[in-house]
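Engineer: Heads up: the protein sequence lines correspond to chains A and B, in order. The numbering used here applies: residue 1 is where the first sequence begins, and numbers increase by one. The numbering used here applies: residue 1001 is where the second sequence begins, and numbers increase by one.
Hints are computed from structural coordinates only; laboratory data are not their basis. This structure is a prediction, so every number in the text was calculated from the model and none was measured. Be a bit skeptical, because a hint or two may be false.
[Said to hold, decoys possible] Straight-line distance between alpha carbons at most 25 Å, and here's what the computed SDA-like set of lysine to any residue pairs gives:
hint: 1; chain 1: A; residue 1: K80; chain 2: B; residue 2: D1470
hint: 2; chain 1: B; residue 1: K1086; chain 2: B; residue 2: V1009
hint: 3; chain 1: A; residue 1: K80; chain 2: B; residue 2: E1485
hint: 4; chain 1: A; residue 1: K80; chain 2: B; residue 2: R1490
hint: 5; chain 1: A; residue 1: K80; chain 2: B; residue 2: S1486
hint: 6; chain 1: A; residue 1: K80; chain 2: B; residue 2: G1251
hint: 7; chain 1: B; residue 1: K1460; chain 2: A; residue 2: T103
hint: 8; chain 1: B; residue 1: K1460; chain 2: B; residue 2: E1334
[Stated by the list, open to error] Partner residues aside, some chain B positions facing chain A, computed with beta carbon under 10 Å:
hint: 9; residue: S1172
hint: 10; residue: G1296
hint: 11; residue: R1299
hint: 12; residue: T1429
hint: 13; residue: I1433
hint: 14; residue: T1455
hint: 15; residue: A1489
[To be verified] Just some of the chain B residues that point at chain A, by a computed CB distance under 8 Å:
hint: 16; residue: L1380
hint: 17; residue: G1434
hint: 18; residue: T1440
hint: 19; residue: F1441
hint: 20; residue: S1474
hint: 21; residue: Q1487
hint: 22; residue: A1491
Each residue gets a CB set at the ideal place from its N, CA and C atoms; glycine is no exception.
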Amino acid sequence: MDLVDPANRPSRKAPLVWAIGAAIPWLILAAVQLVWFVIDRRLTSLHIAAAAATAVGIVVFVVVVPLWRYRVHRWEIGPKAVYTRSGWLIQERRIAPISRVQTVDTYRGPVDRLFGLANVTVTTASSAGAVRIVALDSDVADRVVARLTDIAAIGAEDAT
Amino acid sequence: MTTPATERVWHRLSPRMLLVHPVHEVLRQIPLLVGAVVLGSATGNPMWSVAALAITVGFGILRWFTTSFRIERDEVQLRTGVLQRKVISVPRNRIRSVQTDARLLHQLLGLTVLRVSTGQEAKHDTVFALDAVRAGEVPRLRSILLADSLTRADDTGEERTVPTGRVLARWSPSWLRYSPLSFTGLAMIVAALGVVYQAGLGAVLQHSRLAESGRDAAEKFGIVSSVAVAVAVVVALSVVLSVLRSLVTYGNLVLRRDADVLHLDHGLLRKREHTFDMRRLRGGTLRQPLLVRLLGGARLDAVMTGVAGGGEASLLLPPCPAGTAETVLAGLIEDADAVTGPVRGHGPAATRRRWTRALAVPAVTAIALVVSTFSVTIPLWAWIVLAVLALCSALLAADRARALGHRVDERWLVARAGSLELRRDCIATAGVIGWTVRQTFFQRRAGVATLVAATAAGVKHYRVIDVPADLAWSIAATASPWVAESQWARASQSVT
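Please take these sequences and the hints and turn them into a complete structure.
Structural biologist: In structure tokens, the structure reads:
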């Protein structure tokens, strides 16, 4: 027996938002290297090695990983269960029954807000069972939350 | 409830704590008191030491006057703190278990500490602990506190009732044979040395007569034999300490089942009693550390909601004959097959992965050694060490591959894995509230996956490592009908 992949992709803006989120620390690192180069011009080979490492890091984490993640990420909410696929190098498929859902949280980071995205976290009584649906368009996220709280009838039972 | 305990009155702890608190306070403030004594002798004014002692004792006495608790209809409250006042409230329907604990001093005075635990992990200062009440009051308080979550008819409030119910296991001296093989003795030695050095006694020791004679002996007999003697002494000491600790902690252990409640009593000097609510039992874990396994032993942990997964909290049986642990677990979960039945292996891909992982370190070391022979000469012992390392790794890989397996039906998910610590997790499928199939890059290439069952009990996640990828969802679907009935379920093309 197998499970087919969930149907829905995250927002089209997701790769862009992930890229921006990853770019910020890398650009800070690049700026630090630039300052270092301006202050101290000896050790040219070391400068080149550091610059090359940063360039590779930027290409991998700002370009490749967001696109890769976008290819992998999927989510779907069925009548009885939530099902997601996520990750890139390590990929995860996670399913949780809606009857056992305890809370439904939305989270919007600064970059998410800029692009109108939201992340939904569905928690169950197990700390290992939380299902995250990331990088949804805000209106989709709102519908997801409304739908989940509707089905779950949260608080009706102990859910352990 | 018409017992006085449910009225809206604040109760004090046992007045005998007026004796215990000052002693504990003095023990807790030893560094401060040592400082005061030093200050007193340095200034030539012993009043410093006396004043510090008096303040400490006074503080201890104040603790009794400032601590009170009350039991209301829907919650219990505890007020504590001399300078910082604190109120801890616990809703009564959240109380999962009540534990008691009596140190030596408490026992002498007939007192018992009563701890209430809820599902949440409580931090040190938010634990609801009544420290301490009279031992005779414990059954009454226990039944009041658990009245909401446990419907028990006994314990109406007089003296402690005679233990009833069926005894599942009782400690026997032969269990001691598993304890020399643990690291607790070594850990105790290291901890003791740490305390000695922290207290600044290291310098004193260095110049003591003992250290001097040790140095003389080392000069006389040579370094190698002295080191050998030192190691032998440490090992012997650690074995003795391990056995002693095991005896003191678990001697007189009794595991008793009383309808829906499981009682675990143990401890010679420090008496402890755990009460587990059987309705929250979601399975059990048999753990066999390598050395214990060689002697045919196992320890048993309960998998329960509201009880932390590892360590002391979940322990039902310390290392004991594997047969005993298996019988007890089979009795608790009422399914002998889940406990002792054969498991289904994970196939050649999983075995291959065990071997490549175990042999990676020796292989890399061998390559490094071969490469460096071109520049330096490698001594013979390096090759011998490498050979021993490779042999151990191979044995480890073979054992881990053999151990790997799972077993699943509608009621129980069983996962077995490990070598240095072989564990067999038996998890009730009804308690599984989520499934994860995780594949790393290499797992995808090898066509295997790690299946993780999420539950609210025990360590919260139980893994079935490296199952063939096409089997992972079948296991989940067998255990949880809601997976099989979901809209995503499809019969797979490949033959499993």
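Engineer: All hints are to be evaluated individually against the structure, with a verdict given for each.
Structural biologist: To see whether the hints hold, each was checked on the structure:
1. K80(A) <-> D1470(B): Measuring from Cα to Cα gives roughly 23 Å; hence the hint holds.
2. K1086(B) <-> V1009(B): Holds, at roughly 17 Å.
3. K80(A) <-> E1485(B): holds (9 Å)
4. K80(A) <-> R1490(B): holds (16 Å)
5. K80(A) <-> S1486(B): holds (7 Å)
6. K80(A) <-> G1251(B): Measuring from Cα to Cα gives roughly 50 Å; hence the hint is violated.
7. K1460(B) <-> T103(A): Within the cut-off at roughly 17 Å; holds.
8. K1460(B) <-> E1334(B): With Cα atoms ~22 Å apart, K1460(B) and E1334(B) stay inside 25 Å; holds.
9. S1172: violated (36 Å)
10. G1296: violated (33 Å)
11. R1299: Where the cut-off is 10 Å and the nearest Cβ of chain A is about 23 Å from R1299(B), the hint is violated.
12. T1429: violated (12 Å)
13. I1433: holds (4 Å)
14. T1455: This interface hint holds because 5 Å falls under the 10 Å limit.
15. A1489: holds (6 Å)
16. L1380: violated (39 Å)
17. G1434: holds (3 Å)
18. T1440: With a minimum Cβ separation of about 5 Å from chain A (threshold 8 Å), the hint on T1440(B) holds.
19. F1441: Interface hint status for F1441(B): holds (5 Å vs cutoff 8 Å).
20. S1474: holds (4 Å)
21. Q1487: With Cβ-Cβ at 5 Å, under 8 Å, it holds.
22. A1491: With a closest approach of 6 Å, the A1491(B) hint holds.
Checked against the numbered hints above, the structure breaks hints 6, 9, 10, 11, 12, 16 and satisfies the rest.
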